[in-house]
Structure formats: structure tokens, C-alpha cells
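Asks: Residues per chain are reported as follows:
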Amino acid sequence: DAKTTQPTSMDCAEGRAANLPCNHSTISGNEYVYWYRQIHSQGPQYIIHGLKNNETNEMASLIITEDRKSSTLILPHATLRDTAVYYCIVRGNTDKLIFGTGTRLQVFP
Amino acid sequence: KAGVTQTPRYLIKTRGQQVTLSCSPISGHRSVSWYQQTPGQGLQFLFEYFSETQRNKGNFPGRFSGRQFSNSRSEMNVSTLELGDSALYLCASSGGQGFAAFFGQGTRLTVV
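Just so you know, the protein sequences line up as chains R and A, in that order. Numbering-wise, the working numbering comes out as the position in the first sequence, counting from 1, plus 393. Numbering-wise, the working numbering comes out as the position in the second sequence, counting from 1, plus 410.
By construction, these hints were calculated from the structure, which means they are not laboratory data. Treat the hints loosely; a few may be bogus.
Stated by the list, open to error - So the derived list for chain A, only partly shown, Cβ under 7 Å to chain R, looks like this:
| id | residue |
| --- | --- |
| 1 | Pro-418 |
| 2 | Tyr-420 |
| 3 | Leu-453 |
| 4 | Glu-458 |
| 5 | Thr-463 |
| 6 | Asn-466 |
| 7 | Phe-470 |
| 8 | Leu-500 |
| 9 | Ser-504 |
| 10 | Phe-512 |
| 11 | Gly-514 |
| 12 | Gln-515 |
| 13 | Gly-516 |
Cβ atoms here follow ideal geometry from the backbone N, Cα and C, with glycine treated the same way.
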């Protein structure tokens, strides 16, 4: 499974867009990019995933570069409840998820 | 649709004892995975079951074992507990490869 690199921490003002980057330069053609978040030792929450096209759902948007070596998770209007650790995971043809250290997003008023 | 249910939520055990944790997946999901989360090691994959067969296994000692039943419910067992086994144990279920995995709230195990 490809490894991912994320910034350790980020801040975002409430109401602004939060853009969380992820580098996955060794991703293979059949591997998906998944995003999860974890709020204070609760179970990780699924956010979104994509293969090569940009994706959007009610929670977030996922932008994947054309070469698929990096991606950005966008929370369009961050709220205090979006404060969490965000994990970017590259997942192949398996249900095994390899979690890195993630990005700790702090949304401030 | 009910989510992934893990029982119990909290557990305190003594060193040397064994423990069994339970996970009920989302209805229709046949894949169940287990993870251990500790402050020092983060979230680590333990094993994955699909249709009662273990498909993947992480790098954990043989004291950690699991199984899956015909109704897709899964249990994991840790024998001869050590202090270092204190952790949040998470279960995730999915509809199979290519589908998102959804996590339960976890079982917090404390070994004293």
C-alpha cells in the first residue's frame, strides 16, 4: 500500500474553507484515496474517497491532481465541530487501512 | 441503518487475564477489520475477516486472535494480557473491497 504524507497540524478560522493536503507520490493505478477523521478518541469517521476524478459529498470535496500524486480535502465552511485529526489513506484492493499520523485541524472562532 | 456496534465500550482487566471483544457490522457488510489505537503507536491494523476467513493480518503477536461468524459478527481475543495492551480497539465493516469502511466507537481496554 502506498504511503501518505500530511502536515502535522493546521489551523482554520470558523466559516472559512479548510484545505488539507496529502502527498501520495507512490500511489498505484488501482489505489483509491480515502479520507477519515477522528474526533477525540471516537471511532474514525469516513469522509470521502476517490480514484482520479474530483469528488464531492455533503461533508467535503476531494481534489486529486492529474498525476494522482497528491490530493486536497476541502471542508468548504469549517465549524468548531470540524476540529479533529484528519487521515489521508491510500487503499488498494484490500480492506486493510494503513493510518499515518494524520493532520490535526484546529478550527478557531 | 444501524452502524457498527462494539461491545463492551469499556473494560478493565488484570495482567495475565484474557479478554474477548465483540463487533457487529453494518447489516449486509461481510468484511470486518480490527485496529488497535494507542498514544504511542497510533492506529494499527490487527486483522481482517471476510466470510469467516482471515484475509489479512497485521504485525501483532499470536496472543491476538479473531474470528468471524456466519452472520458476519466478529470477535477478537487477547490472551495473557500485558499492560501495553491497554488501548482503544476499533472495529470497521465494509461491503467489500472498493467500498468505504465504517468504524464503530471502539472498546477502551485498560489492563492493570
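Asks: Now look at each hint and say whether the structure bears it out.
Replies: Quick rundown of the hints versus the structure:
no.	hint	in the structure
1	Pro-418	15 Å, violated
2	Tyr-420	12 Å, violated
3	Leu-453	4 Å, holds
4	Glu-458	5 Å, holds
5	Thr-463	12 Å, violated
6	Asn-466	5 Å, holds
7	Phe-470	13 Å, violated
8	Leu-500	6 Å, holds
9	Ser-504	5 Å, holds
10	Phe-512	6 Å, holds
11	Gly-514	5 Å, holds
12	Gln-515	5 Å, holds
13	Gly-516	5 Å, holds
In terms of the numbered hints stated before, the structure departs from hints 1, 2, 5, 7, listed from lowest to highest.
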